[in-house]
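Visitor: Take a look at the letters that make up each chain.
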Amino acid sequence: MPSPTERKDLAATAKMKEVMGKYYMELMRGREERRKTAWCTSVGPAELLRAMGFNVYFPENHGAMLGATRMATDLIPLANARGFSPDVCSYLTSDIGSYLKGESPFQKMKMPGPPRADCLVYNTNQCRDVKDWFQFYAREWGVPCLGIHTPRAIGELDDSIIEAVARQTEALVKPLQEVAGTKLDPARLKETLDLARRCTVLWKAVLDTAANVPAPITFFDDTIQMGPAVVLRGHPDAIAYYEVLLAELQSRVAGKVPAVEGERFRIYWEGMPIWGKLRDLATQFAALRACVVASTYCNSWVFEDLDPSDPFRSMARAYSNLFICRSEDYKEKYLERMMARFKVDGVLYHDAKTCPNNSNNRYQMPQRLQQKTGKPYLVVNGDLNDLRLYSEEQARTNVEAFVEQLAQG
Amino acid sequence: MPYFCGVDIGASAAKLVIIDESGRIVAKSLRRSGVDYADVAERCLAEALSAAGLERGQLAASVSTGYGRDNVPWADARRTEIACHGQGAWFHFRGKMTVIDIGAQDSKVIHLDDDGRRTGFKMNRKCAAGTGSFLEEIALRLDLPVSALNGLAERSTKEVTLGSFCTVFTATEILARIRAGEKVEDIVKGAFRSVVKRILEMDTVDGALVMTGGVVAHNPLLVTLVAEAFGRQALVPPEPQHVGAFGAALAARERAQEGKQLC
Numbered sequence: 001m002p003s004p005t006e007r008k009d010l011a012a013t014a015k016m017k018e019v020m021g022k023y024y025m026e027l028m029r030g031r032e033e034r035r036k037t038a039w040c041t042s043v044g045p046a047e048l049l050r051a052m053g054f055n056v057y058f059p060e061n062h063g064a065m066l067g068a069t070r071m072a073t074d075l076i077p078l079a080n081a082r083g084f085s086p087d088v089c090s091y092l093t094s095d096i097g098s099y100l101k102g103e104s105p106f107q108k109m110k111m112p113g114p115p116r117a118d119c120l121v122y123n124t125n126q127c128r129d130v131k132d133w134f135q136f137y138a139r140e141w142g143v144p145c146l147g148i149h150t151p152r153a154i155g156e157l158d159d160s161i162i163e164a165v166a167r168q169t170e171a172l173v174k175p176l177q178e179v180a181g182t183k184l185d186p187a188r189l190k191e192t193l194d195l196a197r198r199c200t201v202l203w204k205a206v207l208d209t210a211a212n213v214p215a216p217i218t219f220f221d222d223t224i225q226m227g228p229a230v231v232l233r234g235h236p237d238a239i240a241y242y243e244v245l246l247a248e249l250q251s252r253v254a255g256k257v258p259a260v261e262g263e264r265f266r267i268y269w270e271g272m273p274i275w276g277k278l279r280d281l282a283t284q285f286a287a288l289r290a291c292v293v294a295s296t297y298c299n300s301w302v303f304e305d306l307d308p309s310d311p312f313r314s315m316a317r318a319y320s321n322l323f324i325c326r327s328e329d330y331k332e333k334y335l336e337r338m339m340a341r342f343k344v345d346g347v348l349y350h351d352a353k354t355c356p357n358n359s360n361n362r363y364q365m366p367q368r369l370q371q372k373t374g375k376p377y378l379v380v381n382g383d384l385n386d387l388r389l390y391s392e393e394q395a396r397t398n399v400e401a402f403v404e405q406l407a408q409g
Numbered sequence: 001m002p003y004f005c006g007v008d009i010g011a012s013a014a015k016l017v018i019i020d021e022s023g024r025i026v027a028k029s030l031r032r033s034g035v036d037y038a039d040v041a042e043r044c045l046a047e048a049l050s051a052a053g054l055e056r057g058q059l060a061a062s063v064s065t066g067y068g069r070d071n072v073p074w075a076d077a078r079r080t081e082i083a084c085h086g087q088g089a090w091f092h093f094r095g096k097m098t099v100i101d102i103g104a105q106d107s108k109v110i111h112l113d114d115d116g117r118r119t120g121f122k123m124n125r126k127c128a129a130g131t132g133s134f135l136e137e138i139a140l141r142l143d144l145p146v147s148a149l150n151g152l153a154e155r156s157t158k159e160v161t162l163g164s165f166c167t168v169f170t171a172t173e174i175l176a177r178i179r180a181g182e183k184v185e186d187i188v189k190g191a192f193r194s195v196v197k198r199i200l201e202m203d204t205v206d207g208a209l210v211m212t213g214g215v216v217a218h219n220p221l222l223v224t225l226v227a228e229a230f231g232r233q234a235l236v237p238p239e240p241q242h243v244g245a246f247g248a249a250l251a252a253r254e255r256a257q258e259g260k261q262l263c
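As you go down the protein sequences, you meet chains A and B in turn.
Mapping of the first sequence onto the numbering used here: position 203 corresponds to residue 203, and the numbering continues sequentially without gaps.
Mapping of the second sequence onto the numbering used here: position 256 corresponds to residue 256, and the numbering continues sequentially without gaps.
Pulled out of the complex, with its shape left as it was, chain A reads as follows (with noise of 0.2 angstroms):
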């Protein structure tokens, strides 16, 4: 039997790498083609910027690499001495530390670093902060900052909702077409949201198929293999690379070929990753023969409600049925519901300091949630991006005990 602690790479990974690859390429190309780039929040309107004909590039993703590669720690406080608190929003801090320093991730890809926005578009149905980031680069620049405001905690999403951002929504085209210089086609918008509703379909297949006992795959994994349905989705590459990656896991469930070698515990992730210690968890949890298997993170990028014949009411919908836009009876109901789809023996609550909207763990869910399923948890206190908020031994101790109490049956 191998060690719980091998690592258990996905073939499909190394093709993932290539379409990554391609789509940095493309980003870094499209001002020589004299394509223009519209920044974009990760659950903004990607398929309307993609079917304007834009370079879409999505900063949250550098803020993830900037947390993985642990460039984040040594960035955020140039950004703290510039008047942003070191409570908000670590992706914010880090990303404008990485461009006030000029030192990037990306330029290990032999990139010069993130593209410059010819106009920034925002949605704020996952924060504020989101807005506060993009208004830096939009003074910075000279540049349009355009977006969607949401309303949050949304218990029941009604049509007054749905108007009145699919009416903001639309109400962008006509500033986007004067950037971009072109007409929006409608015809491609329709093209290009049944691609990312393709998109979706496979990605949520993707994520289910840790459904299985033994799951193929964990939480680790998913958000390394989410980068395509964020970045990509609208974009037939996305469509290719799941068809690939599915039929890896499915593989794996057909021949009952765990994740994490002798799963003994399946462990749900509420919240944030902790982008610069994915590594050493996966490593904890393996060794511990416990599976995180899913999470409402992962699962934020799974757009069903997206409808070509319907663009922009579906995208309303889609971006307003966002977990985090929603109320807490909502949540609460989300996580019950996750927590049986997947089998799950226990909770884990990430309580990122600089991201409350995204820490579920404040307002009693775990209490209520135990209470209601029997189900034990654990809160873990740390930061998505900021390691001067995380306690290496106690995150330690504190899974390995909840796997210890777990283990008392």
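Source of the hints: derived by calculation from the structure; they are not laboratory data.
Certain hints may be false.
As the list claims (entries may be wrong) - Chain B regions said to be covered by chain A (calculated; three or more residues, Cβ under 8 angstroms): (1) 77–85; (2) 230–244.
As the list claims (entries may be wrong) - Below, computed lysine-lysine pairings styled on DSSO-like, alpha-carbon distance capped at 30 angstroms: (3) K8(A) <-> K110(A); (4) K331(A) <-> K122(B); (5) K343(A) <-> K122(B); (6) K122(B) <-> K353(A); (7) K375(A) <-> K8(A); (8) K122(B) <-> K375(A); (9) K122(B) <-> K372(A); (10) K353(A) <-> K131(A); (11) K353(A) <-> K197(B); (12) K343(A) <-> K256(A); (13) K343(A) <-> K197(B); (14) K122(B) <-> K333(A); (15) K353(A) <-> K331(A); (16) K96(B) <-> K372(A); (17) K375(A) <-> K96(B); (18) K158(B) <-> K375(A); (19) K331(A) <-> K372(A).
We put the CB at the ideal spot given by N, CA and C, even for glycine.
Chain A is already provided as a structure; the job is to place chain B on it using the hints.
Guide: Below, chain B without anything else, positioned relative to chain A:
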């Protein structure tokens, strides 16, 4: 007769306990953890074996716990200090309980049900408030040995409130209190109250309240104040500073007697 060893390498102190089959402590040792955990574990073991007149070969099993649990080469298994404090407390007091362990670097709240199964636990966040380090910092600020704190606080006649969450800010508050002419004993008691408040914020208490750890061992007044704050009697097991090591020794006994696999 077989003996069982538990060693708890904490952030500040290393504790070791040897028990017999009945769970009776036959020897214990205590040293500063220092920087070489393997070495301090070895020294603690040698000291306890010598005190009990035992040979190493008489130890049927050993379990390590605490921050340095991975650095004890001769341990047969390791467990977290959360498991060990729970198990150690359960040996002395049966029934549903909440164990509060106040250590040098962290505080833990551990919930056990009627059968001694852990139902939940919490550790302090990445902050020294509510831990032994906080009291060490206060002692330093007041130019006192840590061992003098309890005696001084017991002489306090006036409540001085220290309101900050943060150890550094509390130290600043103390400067203000000194400037205001407050007595040292009242300030020290205020610091004790501050630790109690941080504990109170961490979690609720279900069942019996049991307190363990080095800070509890050396500061009986803190136990009284915690009991007062939670409105119930606080039970303190024998050798409160060694409860983690004792729990580890009990785990070693289980491992040897029942072949129980530990993490």
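Visitor: None of the hints should be skipped; say for each whether it holds.
Guide: Status of each hint after checking the structure:
no.: 1; hint: 77–85; in the structure: holds (count 5)
no.: 2; hint: 230–244; in the structure: violated (count 0)
no.: 3; hint: K8(A) <-> K110(A); in the structure: 29 angstroms, holds
no.: 4; hint: K331(A) <-> K122(B); in the structure: 23 angstroms, holds
no.: 5; hint: K343(A) <-> K122(B); in the structure: 24 angstroms, holds
no.: 6; hint: K122(B) <-> K353(A); in the structure: 17 angstroms, holds
no.: 7; hint: K375(A) <-> K8(A); in the structure: 28 angstroms, holds
no.: 8; hint: K122(B) <-> K375(A); in the structure: 16 angstroms, holds
no.: 9; hint: K122(B) <-> K372(A); in the structure: 20 angstroms, holds
no.: 10; hint: K353(A) <-> K131(A); in the structure: 19 angstroms, holds
no.: 11; hint: K353(A) <-> K197(B); in the structure: 22 angstroms, holds
no.: 12; hint: K343(A) <-> K256(A); in the structure: 16 angstroms, holds
no.: 13; hint: K343(A) <-> K197(B); in the structure: 38 angstroms, violated
no.: 14; hint: K122(B) <-> K333(A); in the structure: 25 angstroms, holds
no.: 15; hint: K353(A) <-> K331(A); in the structure: 20 angstroms, holds
no.: 16; hint: K96(B) <-> K372(A); in the structure: 21 angstroms, holds
no.: 17; hint: K375(A) <-> K96(B); in the structure: 19 angstroms, holds
no.: 18; hint: K158(B) <-> K375(A); in the structure: 46 angstroms, violated
no.: 19; hint: K331(A) <-> K372(A); in the structure: 14 angstroms, holds
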